[in-house]
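Could you build the full structure based on these sequences and the hints that come with them?
There are 2 protein chains.
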Amino acid sequence: MSVRHQHPRPCVAVDCVVFGIDLERQDLEVLLVQHDLAPQAGGWALPGGHVSFDESVEAAAVRELGEATGLERVFLEQLYTFGAVARDPRTRVVSVAYYALVNLADQRVRAATGARDAAWFGVHGVPALVLDHEEILAKGRERLRGKVRYQPIAFELLPPKFTLTQLQQLYEIILERALDKRNFRKKITKMDLLVELDEVQADVAHRAARLYRFDERRYEKLVKQGLMFEL
Amino acid sequence: MSVRHQHPRPCVAVDCVVFGIDLERQDLEVLLVQHDLAPQAGGWALPGGHVSFDESVEAAAVRELGEATGLERVFLEQLYTFGAVARDPRTRVVSVAYYALVNLADQRVRAATGARDAAWFGVHGVPALVLDHEEILAKGRERLRGKVRYQPIAFELLPPKFTLTQLQQLYEIILERALDKRNFRKKITKMDLLVELDEVQADVAHRAARLYRFDERRYEKLVKQGLMFEL
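Just so you know, the sequences run in chain order H and Z.
Read in the numbering used here, the first sequence has 212 at position 218, and its numbers run on one by one without any break.
Read in the numbering used here, the second sequence has 2 at position 8, and its numbers run on one by one without any break.
These are calculated hints, taken from the structure and not from any lab test.
Please note that a few of the clues may not be correct.
The list makes no distinction among identical chains, and a pair is therefore deemed to hold if it is satisfied within one copy or across any two copies.
Okay, derived cross-link-like pairs now, SDA-like style, lysine to any residue, Cα gap no bigger than 25 Å in a straight line [what the hints assert, rightly or not]:
hint, residue 1, residue 2
1, K184, G64
2, K155, L216
3, K175, Y144
4, K175, K218
5, K184, L205
6, K133, A78
7, K218, V117
8, K181, E49
9, K155, A196
Computed from a predicted model, the values in this text were never measured in an experiment.
Here you go:
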């Protein structure tokens, strides 16, 4: 192991790709903040900031996410570390990117994250971003699409009882493409993951659809094996 | 975006989990080096070192891998960034871990990596490692097992023409478990990925097995879609 004692050291920062899913609006959105530093002050950026000497990288991500969104205890996972030499023109910054998933159908989330100089953008209508943040966002979208096929990261965004249509919509939003209904239901059924309830949707104008819940034990087992949705 | 101008800054380092696969020995091995720094000098460690101010994190990983193994142009991919505050007792170090895959059946690889204070260990017989390197190694094994199910990272470790048994063995080594032969062949056949050749193995004592190669166009297409081996 070769250790070079060199000065100065790169800065370490965190950046967070915060995805918001709104099942009702059928929308995948991303939270952006206004960059406050020259030379790109006023440009849109992913929320983030520097890692202090005495805090872990993950703690810094949780802190920055909290400062940017007012939210605590959201799904947050490390995405990728961006370490190109010239990615920030001000100084050498190595950025550890994280991604988070929040439920925008929850009005408290919309309210909390509406404060400050932050705004939600649909992923297909994102403005130009500062630094390499477009690359970070692209990596986040790619990870989300891939991850949902073998980990149940999005399931907590569903209500405890849900329809098959809602489940399919969740996948469609994250995968950013339409799925064939028949094929989707066949695959979901084959996984034996859902429990059909003796209940149907209430308060709907159209024909009320059957409600389902996850079979938690089966679910845990599939997660352990490495859950696979071939969608 | 809150930026804190604090001193001192954490160091940024890279550590490499170098996996070696030996199809003939049916072995998954990891390359370790002897740590040269107090207080754990002489302990076994993953090869790695500090990122210079003027090199990208990835370039540092390639450089450290080259210094440790004498190898260039191997499969190398970012694994995870380890950023706990006290992970290194000497100073604050944030480590960006990478993993690499090399073919140990290639005698040039064995020869190149046998130099210096380095040694290969079977993953089931790894000695105690310094710092949090056991955690980094565990993460590497987990990633390798997961990755091989949806990306063809290991295919380049096969000879251009191979038997179905060799293909199965490759998967068994990486997944670290035995696979049912019939089931494996059924799934592989269903993927329509292999081209059966008019050739059989040469120079074998037992009954010579049929040889196959990958259908490259089909292969590219599956990779794009997100290849899935449900093994």
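Verification of the hints:
1. K184 / G64: neither (40 Å within a copy, 49 Å between copies)
2. K155 / L216: So K155 and L216 pass the 25 Å test inside one copy only (20 Å; across, 35 Å).
3. K175 / Y144: both (20 Å within a copy, 24 Å between copies)
4. K175 / K218: Result: close only across copies, 23 Å inter versus 27 Å intra.
5. K184 / L205: Answer is within; shortest intra-copy Cα gap is 18 Å, inter-copy 34 Å.
6. K133 / A78: both (15 Å within a copy, 24 Å between copies)
7. K218 / V117: between (31 Å within a copy, 21 Å between copies)
8. K181 / E49: Classified as neither; 44 Å inside a copy, 47 Å across copies.
9. K155 / A196: within (11 Å within a copy, 60 Å between copies)
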